[in-house]
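Student: Sequence:
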Amino acid sequence: VALDDLDHKVYWMDDSRGAIVRAGVDGSGKEDVIKRRKVAAIAVDPLRRRLYWLSQDTRMWRMGIDDGIVEKIDLVDSDVLCVERETPQVIPPEEFPTPSSRTTS
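Per my numbering, the very first residue in the sequence shown carries number 195; after that it's consecutive.
Hints are not guaranteed to be accurate.
As the list claims (entries may be wrong) - Simulated crosslink set (BS3-like; lysine-lysine; CA at most 25 Å straight-line): (1) LYS203 with LYS232; (2) LYS266 with LYS229; (3) LYS203 with LYS224; (4) LYS203 with LYS229; (5) LYS232 with LYS266; (6) LYS203 with LYS266.
Stated by the list, open to error - With beta-carbon atoms standing in for the labels, derived distance ranges: (7) THR252 with ARG211: 30 to 38 Å; (8) LYS266 with SER222: 28 to 36 Å; (9) ASP251 with VAL195: 29 to 37 Å; (10) GLY218 with ASP268: 27 to 35 Å; (11) GLY262 with VAL195: 15 to 23 Å; (12) ASP260 with VAL219: 27 to 35 Å; (13) ASP220 with ASP268: 31 to 39 Å; (14) ALA217 with GLY258: 27 to 35 Å; (15) ASP268 with GLY221: 30 to 38 Å.
In short, the hints are calculated from the structure, not lab data. From the three backbone atoms N, C-alpha and C, an ideal C-beta is built for every residue, glycine too.
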């Protein structure tokens, strides 16, 4: 599940139909955003107006929330990074951790 708190929308994966679905946080306006995709994780970047997802074949994709244009992301030369935490997050390159900023446990 991913929340766009600027547009008050929630996004989720419907594995049974291979779809990414969105609706208002109150449940109104439910609609399919992406169809026929096997999705492993999703994240939304409300400021950049983009939806990101990782497909089950480990490819990363993004879609403009306003224009619906879908692009495959080259993870070698990209402006985003999706990391697995409790919820996937989109991190801009200026916030990527550097080797000196990482802590060891």
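Student: Take a look at whether the Cβ-Cβ distance between ASP220 and ASP268 falls inside 31 to 39 Å.
Tutor: 37 Å Cβ-Cβ, so the 31 to 39 Å window holds.
Student: CB of ASP260 to CB of VAL219, is that within 27 to 35 Å?
Tutor: violated, 19 Å
Student: Could you grab the alpha-carbon distance between LYS203 and LYS229 and see if it respects the 25 Å cut-off?
Tutor: holds, 18 Å
Student: Do the alpha carbons of LYS203 and LYS232 lie within 25 Å of each other, as the hint requires?
Tutor: holds, 21 Å
Student: Against the 25 Å threshold, does the CA-CA distance of LYS266 and LYS229 hold or violate the hint?
Tutor: Roughly 15 Å separates the two Cα atoms, so the pair holds.
Student: With 29 to 37 Å as the target window, see if ASP251 and VAL195 comply at their CB atoms.
Tutor: violated, 22 Å
Student: Indicate whether the distance between the beta carbons of THR252 and ARG211 respects the range 30 to 38 Å.
Tutor: violated, 21 Å
Student: Quickly compare the C-alpha distance for LYS203 and LYS266 to 25 Å and report which way the hint goes.
Tutor: holds, 23 Å
Student: So does GLY218 sit 27 to 35 Å from ASP268, Cβ to Cβ?
Tutor: Holds - the Cβ-Cβ distance for GLY218 and ASP268, about 33 Å, lies within 27 to 35 Å.
Student: Could you tell me whether the CB distance from GLY262 to VAL195 stays inside 15 to 23 Å?
Tutor: For GLY262 and VAL195 the Cβ distance comes to about 21 Å; the hint holds.
Student: Confirm or reject the claim that LYS266 and SER222 have a C-beta distance inside 28 to 36 Å.
Tutor: Cβ of LYS266 to Cβ of SER222: about 32 Å, so the range 28 to 36 Å holds.
Student: Could you grab the alpha-carbon distance between LYS203 and LYS224 and see if it respects the 25 Å cut-off?
Tutor: holds, 10 Å
Of the numbered hints listed earlier, those contradicted by the structure are 7, 9, 12, 14.
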